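*Asks:* Residue numbers (this note's numbering), protein chains in the order written: chain A, 1 to 388; chain B, 389 to 494.
Just so you know, these hints were derived from the structure itself, not from any lab. Remember, predicted model here, so these are calculated numbers, not experimental data. You may find that some hints are simply not true.
Unchecked claim - Okay, the calculated bits of chain B under chain A, using three or more residues with CB under 8 Å as the criterion:
hint : region
1    : 421–434
2    : 437–443
3    : 466–472
Claimed, not checked - Away from chain A, derived, C-beta distances all over 10 Å, residues of chain B:
hint : residue
4    : L448
5    : S452
6    : V453
7    : Y455
8    : D479
Backbone N, C-alpha and C define an ideal beta-carbon position, used for all residues, glycine too.
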Amino acid sequence: MNRLLACLLLILPLGAHAAARGTGDLGLFIERASSSVQIVETSTNTSIGRIGELGDLSHASVVYSRDERYAYVFGRDGGLTKVDILKAEISKRKMQSGNSIGGAISQDGRLVAVSNYKPGGVKVFDADSLELVADIPATYGDRQQRSKVIGLVDAPESKFVFALWDAGEIWVLDMSDRKQPKIQKFKGIGRNPYDALITGDGRYYIAGLFGEDGMAMLDLWNLSAGVKRILPNYGKGTQKLPVYKMPHLEGWAVAGNFAFVPAVGRHEVLVIDMQSWQQAGRIKVHGQPIFVMARPDGRQVWVNFAIPDNDTIQVIDTQSLAVIKELKPGKGVLHMEFEPRGEEVWMSVRDENRVEVYDTRSFERKSSIPATKPSGIFFTARAHRIGL
Amino acid sequence: MTRLIWLALSLALSAPVAASDGVSGDRERELRNLLIQDCGSCHGLQMKGGLGPALLPEMLQGKSVEYLSTVILHGRPGTAMPPWRSLLSADEARWMAQQLLDRNLQ
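With the hints as constraints, model all of the structure from the sequences given.
*Replies:* Quick look at the structure:
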């Protein structure tokens, strides 16, 4: 009996030890129609769990706690869910608005901000407790209407930056004093900003415009210089095509001095010289680009497309600015996520109900994971990147 | 003869109905997927709204299939709603409008 107990005592700690693991090779992808996420592991390209009951996940996105254990999932229905990816369970969940579009986590990891369509504005929560810290209504104009908010990102020095779709404004929210949030507003930045990005160094915030050609750029190191218009008239007055899906800027691509962004309503990727902020090129592509994402080393840019061309991926070589590879993963390629050092890329193939992993050098398909209408893919390495 | 004329007449009268029912099974599955997944990109998978307005039956009250299918085919200039006529026929747009009014999305 004693021997048995001793055996048990020996086994138990060993068992607990076996369960310990890091999270640096983990991630989530959204199963948008079934209110669930799958937890995946990128060392062996496998799914290791599923968490359900996360609400309406159309357009859902994710940010990570700095310890890479918790994922904050932003649902379309205003649900904010803190998920424990080690235990594969919901840690906290809150309905914070009627209709939301995305979120960000602060530089110090203590605050999570959510951008809302309805009622339009930003809400900031304590990252531990999900208690409300600040409510920032996006009011504008004489009648104090509320605007839908898009392009919310974190920035250094305890800031969040976002843009107002209806108002054409960019706001910089300083949360260094939780009790007294400070807002700086930049008005007249252009019609209908649809999404925005911040450069990896946290310096430049750039909003893409849907209502007119061009982008609005704010230098966060020189706020007094105001918003500058870049790539004006890239359509050169020609009629743009019907835009069946808004492009995204979140996963934007920087390679060397060049930034690569989708042209709205055109079968083109635009190249921006980041020294002069002038257009440095236009690359003809297969359809209307949605995500234009650089492999982490910046040597390749991968592009997916809006319906009806969303069965295709093209790869651009950033030295020659030429399309060097075209893949047909299947219908409904919605999103891509590179593994942290870029040797493989994951993509969700919505209408085929698969998430696929490709080698970025040989372009061979390495793995395929069954999924239900997969959309966004988010790896924990995002925890340590500004703006993600 | 009279019977023949009646038959022709009733066929002609029922044509619009037949047309909107005339979406084949495979195409119906594609259209339903398009409606939920692609319209849902802007209007929400549950049609509760997003960048585009909510399209729940109560929001669409008083709007006809003709009106809704016109918006689907031609878009709403000045907004983010694109014209879908290069991807959808008039019959298919009417079929989709009817699904929205019936909230027949599953």
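*Asks:* Each hint needs a verdict: does it hold in this structure or not?
*Replies:* Taking the hints in turn, this is what the structure says about them:
1. 421–434: This one holds; 11 residues, not fewer than the three required, reach chain A with a Cβ under 8 Å.
2. 437–443: Check passed, 3 qualifying residues.
3. 466–472: holds (count 4)
4. L448: Per Cβ check, L448(B) is outside 10 Å of chain A; nearest 18 Å; holds.
5. S452: The assertion about S452(B) holds, with a minimum of 23 Å to chain A.
6. V453: It holds; V453(B) is separated from chain A by about 22 Å at its closest Cβ, greater than 10 Å.
7. Y455: Since the minimum Cβ distance to chain A is about 19 Å, Y455(B) lies beyond 10 Å and the statement holds.
8. D479: holds (18 Å)
Comparing the model with each numbered hint stated earlier shows that all of them hold.
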